[in-house]
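Novice: With these hints in hand, go ahead and build the complete structure from the sequences.
2 protein chains.
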Amino acid sequence: MEKTVQSLAQSLAQGHFAAIARALTWVENGSELADDLLRQIHINTQIPVLGITGPPGAGKSTLVNALLNECIAKNQRVAVLAIDPSSPFSKGALLGDRIRMSRHFNHPNVFIRSVASRGALGGLAAKVIEMCDLLKSARFDVVMIETVGVGQSEVEVAALSSKTLVVLVPEAGDEVQQLKSGLMEIADAFALNKADREGAAKFANSLQKTLKDQHKEVPVFQTIADKQQGIAPLYEWLMQPKANDNKQAAELLAEQAYRLIQHQRMQGVDKDILLKQLSEALEHPNFNIYRFIANWV
Amino acid sequence: MEKTVQSLAQSLAQGHFAAIARALTWVENGSELADDLLRQIHINTQIPVLGITGPPGAGKSTLVNALLNECIAKNQRVAVLAIDPSSPFSKGALLGDRIRMSRHFNHPNVFIRSVASRGALGGLAAKVIEMCDLLKSARFDVVMIETVGVGQSEVEVAALSSKTLVVLVPEAGDEVQQLKSGLMEIADAFALNKADREGAAKFANSLQKTLKDQHKEVPVFQTIADKQQGIAPLYEWLMQPKANDNKQAAELLAEQAYRLIQHQRMQGVDKDILLKQLSEALEHPNFNIYRFIANWV
Chain A
555 MEKTVQSLAQ SLAQGHFAAI ARALTWVENG SELADDLLRQ IHINTQIPVL GITGPPGAGK
615 STLVNALLNE CIAKNQRVAV LAIDPSSPFS KGALLGDRIR MSRHFNHPNV FIRSVASRGA
675 LGGLAAKVIE MCDLLKSARF DVVMIETVGV GQSEVEVAAL SSKTLVVLVP EAGDEVQQLK
735 SGLMEIADAF ALNKADREGA AKFANSLQKT LKDQHKEVPV FQTIADKQQG IAPLYEWLMQ
795 PKANDNKQAA ELLAEQAYRL IQHQRMQGVD KDILLKQLSE ALEHPNFNIY RFIANWV
Chain B
555 MEKTVQSLAQ SLAQGHFAAI ARALTWVENG SELADDLLRQ IHINTQIPVL GITGPPGAGK
615 STLVNALLNE CIAKNQRVAV LAIDPSSPFS KGALLGDRIR MSRHFNHPNV FIRSVASRGA
675 LGGLAAKVIE MCDLLKSARF DVVMIETVGV GQSEVEVAAL SSKTLVVLVP EAGDEVQQLK
735 SGLMEIADAF ALNKADREGA AKFANSLQKT LKDQHKEVPV FQTIADKQQG IAPLYEWLMQ
795 PKANDNKQAA ELLAEQAYRL IQHQRMQGVD KDILLKQLSE ALEHPNFNIY RFIANWV
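Protein chains in written order, with our numbering: chain A, 555 to 851; chain B, 555 to 851.
Since the hints were derived computationally from the structure, they do not count as laboratory data.
Every residue gets a Cβ at the ideal spot worked out from N, C-alpha and C, and that includes glycine.
Wrong hints could be hidden among the right ones.
Said to hold, decoys possible - Here are the computed distance ranges between Cβ atoms for each label pair:
1. B:Lys766 x A:Ser668: 28 to 36 Å
2. B:Arg693 x A:Lys756: 57 to 65 Å
3. A:Gln802 x B:Val823: 17 to 25 Å
4. A:Gln794 x B:Glu837: 21 to 29 Å
5. A:Glu790 x B:Thr764: 40 to 48 Å
6. A:Ser833 x B:Gln783: 40 to 48 Å
7. B:Lys766 x A:Gln568: 52 to 60 Å
Specialist: Have a look at this one:
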């Protein structure tokens, strides 16, 4: 077993796709081997991790695809982790996104993995951190994490990323005020995609004014991802390291460490088992949840 | 010490406000006495817990105030827990809300407590569960939990509540589609407040149509809270027990138990200490976060 883990760590370091896929599956399945492996890999903290988020339908996957074109043209190795919250609202749209992105699925420099996050988000967050670290140990030049801006997932991805790009479309009209404040908070840059649509210039102005009013120096890139327009300057900006990286890096790591510790400490606590036990315990007239959980802590 | 806890549990059961305030403070400060106390109280699971949420400015506090008038008229004892996420966006508005609500602050049947949730939301959620359980042991007829529909707090409150009321205003025009999907998911009922404003009827129709399209049987109440209009039928509906309560009660409890266990198991894990240790550890060339956290799990 120990030998398996060591040789997988080596294959990872050499960037073999089969090894990467296998390691990611270990993490996904919560295998004990994953814990061993993670302690043995060399995680390259210098690799840019780009978080790419935004509301459904903004064209995130098309934009990721356009960014992949840039990577390929520059002969860079790139990994994409596509996180699929699989909520009842967005399921269909996301499956479509995955298929659109698959154009580069067989390119030897492009590794794409889709992760379903249905249900236990707390547990998922830790697994995404672990998957991202595996990718950072596998000789990539850049890692992209794509997620849909629904619920908390975008905030969690921002906590993983060296830079977070929020993708928007001009459909929203001039109602930048309506933009979810969470997205405003996490954006290191905006990509105003489908910038050839009506209302795009007006929306861009409104967004820039809002950012200025909030004293935020956040660039707004206008892109037409399906025509590869506006992608090169965006990609160049994304690949530049952020200023005052050290403090930020430590803060991101502290957040990640907290989640990883929580994940470990909550091993064995299963909501289904709790539900079963509680359904029975509830019958007792003097049931007290604090006495009940005393057996679990 | 044991005697203090016992006598406080007795005073709680008798519904003494000073005892309630003291017990809540124990929980808020994370006192060890709180754990003892919580295991000794008798939590009345039959008490309706009403979650009241909605976007800032919808008039939640005015509506709570109007509901308090109903309680008082019926000679019911009521507790209000007002959760203040204190984010930079909403702070001012919330403080104003608190003051508007304070009309009943000195009524002998009304207990109001404001809880700041700035920062550690994970920890807060557990504390809100504990506070709610203290109130359920203190001879109230109904407990209301008010929170602003920002971020995750409304979902967490829904997990505490027997019924969740989402308060909206017609300002949103006919753009019900823009409504945060999270609010749609958690609502057991909507209160369309300020229903005398222009566009209210149109908005109500649009909301009802959306609910029908989604096959949701969620009532929409039209209220003018500051004139006490439409409040009586809303209150009556809120106080009716939900159908198939037992299954739901067990599921709510399982969710609460999970959070309480997590809170207990994460005792001693401090993000600031993690940050300090990580800032130093990062200097080492072969730093690995999984070896680092091994000391913490």
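Novice: Look at each hint and say if it fits the structure.
Specialist: Hints and how they fare:
{"no.": "1", "hint": "B:Lys766 x A:Ser668: 28 to 36 Å", "verdict": "34 Å, holds"}
{"no.": "2", "hint": "B:Arg693 x A:Lys756: 57 to 65 Å", "verdict": "58 Å, holds"}
{"no.": "3", "hint": "A:Gln802 x B:Val823: 17 to 25 Å", "verdict": "21 Å, holds"}
{"no.": "4", "hint": "A:Gln794 x B:Glu837: 21 to 29 Å", "verdict": "24 Å, holds"}
{"no.": "5", "hint": "A:Glu790 x B:Thr764: 40 to 48 Å", "verdict": "43 Å, holds"}
{"no.": "6", "hint": "A:Ser833 x B:Gln783: 40 to 48 Å", "verdict": "42 Å, holds"}
{"no.": "7", "hint": "B:Lys766 x A:Gln568: 52 to 60 Å", "verdict": "58 Å, holds"}
The structure fails none of the hints (numbered hints given earlier).
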